[in-house]
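Visitor: Protein chains in written order, with the working numbering: chain F, 4 to 112; chain E, 30 to 144.
Think of the hints as simulated: they come from the structure by calculation, not from any bench.
Using N, Cα and C, we set each Cβ at its ideal position, and we do this for glycine too.
Among the clues, some could well be false.
[What the hints assert, rightly or not] Short, incomplete list of chain F residues facing chain E, as computed with Cβ under 10 Å:
#1 PRO10
#2 ASN33
#3 PRO46
#4 PHE48
[Said to hold, decoys possible] Covered stretches of chain E (chain F as the covering partner; in silico rule of three or more C-beta atoms under 8 Å from a C-beta of chain F):
#5 105–111
#6 130–142
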Amino acid sequence: GQNIDQPTEMTATEGAIVQINCTYQTSGFNGLFWYQQHAGEAPTFLSYNVLDGLEEKGRFSSFLSRSKGYSYLLLKELQMKDSASYLCAVIGDDYKLSFGAGTTVTVRA
Amino acid sequence: IAGITQAPTSQILAAGRRMTLRCTQDMRHNAMYWYRQDLGLGLRLIHYSNTAGTTGKGEVPDGYSVSRANTDDFPLTLASAVPSQTSVYFCASSAAGGGSYNEQFFGPGTRLTVL
Chain F
4 GQNIDQPTEM TATEGAIVQI NCTYQTSGFN GLFWYQQHAG EAPTFLSYNV LDGLEEKGRF
64 SSFLSRSKGY SYLLLKELQM KDSASYLCAV IGDDYKLSFG AGTTVTVRA
Chain E
30 IAGITQAPTS QILAAGRRMT LRCTQDMRHN AMYWYRQDLG LGLRLIHYSN TAGTTGKGEV
90 PDGYSVSRAN TDDFPLTLAS AVPSQTSVYF CASSAAGGGS YNEQFFGPGT RLTVL
């Protein structure tokens with residue numbers, strides 16, 4: 004089975020930085036995705052990591068360590084619109100996405 | 030270009046009734062998926078199709094069936110709805126069903142309540 008863990012909730016101040024951790028134990032590993040989901044909306048793609056290291060895309064960065072079964076999503080210069088759920092998802096050896104329960108980030112003024 | 034559409038947006042259904050959730054994509058993606066999303070559990074895969082004419086079971090397939098007669102459509106049927114099937118259902122598609130890079134694009138979701 005697949006086990007993907009991430010914190011349930013995080014709160015941060017506008018302009019600050021927040022790091023969302025994700026640990027996984029899966030049958031095989033073929034990549035890790037981060038998705039953003041605003042309340043009542045569909046998930047949308049943020050980032051993809053398959054090799055160790057940091058992928059940077061504007062204010063968002065994602066890091067992967069395959070040996071540790073660990074990833075994080077870093078959100079910089081937080082804006083109110085970043086208030087959303089962030090979903091960590093891993094592709095196992097069945098080539099299907101398994102999702103964590105999601106981390107709800109609340110940005111306060 | 031619509032991407033992925035789902036219908037209905039929301040539905041209240043009596044237990045025991047049959048219901049089909051519709052999903053259509055116009056991106057000519059080979060693979061399509063159905064997920065349910067429940068509070069605290071995240072997205073769970075119900076059924077998938079790697080290409081037209083083929084389907085497979087996901088993590089929680091019981092009580093659901095799918096068909097994939099063509100590339101664009103992937104309906105999900107609840108033969109006899111039960112209250113535990115109350116959830117938000119998302120349809121998704123990706124260019125290919127296998128391989129490591131498998132970015133999935135999600136539809137807007139259907140909120141289903143079974144009473």
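Visitor: Taking each numbered hint in turn, which are not upheld by the structure, reported in ascending numerical order?
Guide: 1 and 5
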